[in-house]
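Asker: Sequence:
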Amino acid sequence: MLFRDVLVDENLKQQLISLVKNNRISHAQLFLGPAGSHKFALAIAYAQYILCANRGEEDSCGTCPSCVKFAKLAHPDLHLIFPDANTDSKKSQKGTAQQQAMAKFINFVTENDYHLDYNQWSEGESKQLNINANDCSFIVHQNNIRSYESGYKIFILWMAERLYHGAAPRLLKTLEEPENKTLFILIAENSEKILPTILSRTQLIKIPKLSKETIKSELQNKFNVNERTADDIAEISEGNYIKAIELLNDSEAIELLLDDFKFILESAVAHARSDIQNIRFIELQERFTKIIAEGREKQKQFIRYMIQMFRNILLVNSNKTELLRATTKEKNILSTFTPYIKLRNISPITEACNKAILYIERNGNSSLIFNNLYFNIANRLQVR
1 MLFRDVLVDE
11 NLKQQLISLV
21 KNNRISHAQL
31 FLGPAGSHKF
41 ALAIAYAQYI
51 LCANRGEEDS
61 CGTCPSCVKF
71 AKLAHPDLHL
81 IFPDANTDSK
91 KSQKGTAQQQ
101 AMAKFINFVT
111 ENDYHLDYNQ
121 WSEGESKQLN
131 INANDCSFIV
141 HQNNIRSYES
151 GYKIFILWMA
161 ERLYHGAAPR
171 LLKTLEEPEN
181 KTLFILIAEN
191 SEKILPTILS
201 RTQLIKIPKL
211 SKETIKSELQ
221 NKFNVNERTA
231 DDIAEISEGN
241 YIKAIELLND
251 SEAIELLLDD
261 FKFILESAVA
271 HARSDIQNIR
281 FIELQERFTK
291 IIAEGREKQK
301 QFIRYMIQMF
311 RNILLVNSNK
321 TELLRATTKE
331 KNILSTFTPY
341 IKLRNISPIT
351 EACNKAILYI
361 ERNGNSSLIF
371 NNLYFNIANR
381 LQVR
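The sequence shown runs 1 to 384 under the numbering used here.
It is worth saying that the hints were derived from the structure and are not from the lab.
So the derived label-pair ranges between C-beta atoms look like this:
#	residue 1	residue 2	range
1	Tyr148	Ala101	16 to 26 Å
2	Ala53	Asn363	52 to 62 Å
3	His141	Glu286	57 to 67 Å
Here are the simulated DSS-like cross-link-like pairs (lysine-lysine), alpha carbons at most 30 Å apart as the crow flies:
#	residue 1	residue 2
4	Lys320	Lys206
5	Lys320	Lys342
6	Lys181	Lys21
7	Lys243	Lys127
8	Lys300	Lys206
9	Lys181	Lys206
10	Lys290	Lys329
11	Lys298	Lys104
12	Lys181	Lys104
13	Lys209	Lys355
14	Lys127	Lys193
15	Lys13	Lys212
16	Lys104	Lys300
17	Lys104	Lys13
Fair warning: this is a prediction, and the values are worked out from it, not measured in the lab.
Glycine is no exception: its CB is placed at the ideal position from the N, C-alpha and C atoms.
All chains, full assembly: derive it from the sequences and hints.
Answerer: What follows is the structure, given as structure tokens:
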């Protein structure tokens, strides 16, 4: 992975390159960035640059033996640590299970062009994924061994917030006083879920979310998407490249979300007005049944979409359309609902939505949750 292929701010790349050139590499660094940022790719490009035999002023050479190994994520001094469902006893068995787990992860990385998403990685797993005690023991053991090629030993811990708290103490001394020429790169999305004792031992590197322009350009150049579609997807992906690709692969999903939202809110307005004929209760229940049948993640996704749309309606009401994150079709219907969403009711409506998401996460009855949310919204709409 070359720096030129990483979708992050150029100034951040230069910051890391400068650390290498000036021999100021901190032994433990935390790459903190939002979901959908290219932080794993940045970590690999940084590690590759450090170990490159013929590094240039701006990037690795890409052709030396070290870079060739990095292209396959097979450099002997690069150690990838990641959340895994295997138990300690399984992972401690050398050979097949460990090799299969690593092969699966490398395949996941390359298939997704280094854009890693924890939900995609954990999909289909019945157990919670963690970086466990055995992983920590492996790190401590490898730290005490000399590097294979007389350079740095580099450990990259993806989703460091998944480091099992009971196992973390095994790493503290190693992070604080590693062997010479050892680098730990922790990659995370939420620093609040990392133990303070781990955080205090790392240098923070903040990775911002991608700009709308970057995502739009990638969609047009890499996937040959027309400008209007690329602009719409970039607008609503909120700097999340993975979300943008999901929307691109399921272009009908946006329109379906909009159609369901429009129908539910029109029904809620009719309910608030006591306009019985236009509530269309049977079709409303059919819509809820369809959303519920798609599973709890989709249910939460739809409610988050509702929150986003309520926010957009308020922005139109406040004449702040420059802040809108909406597709062309969404923008066309926002003004329809501006009489009903105001500053005085946006907070309780948003709170009701967030509570519904919480109840879904707690495995509540989805039918009751959606109906309760509907009545909460209808009762708070401003109607004349």
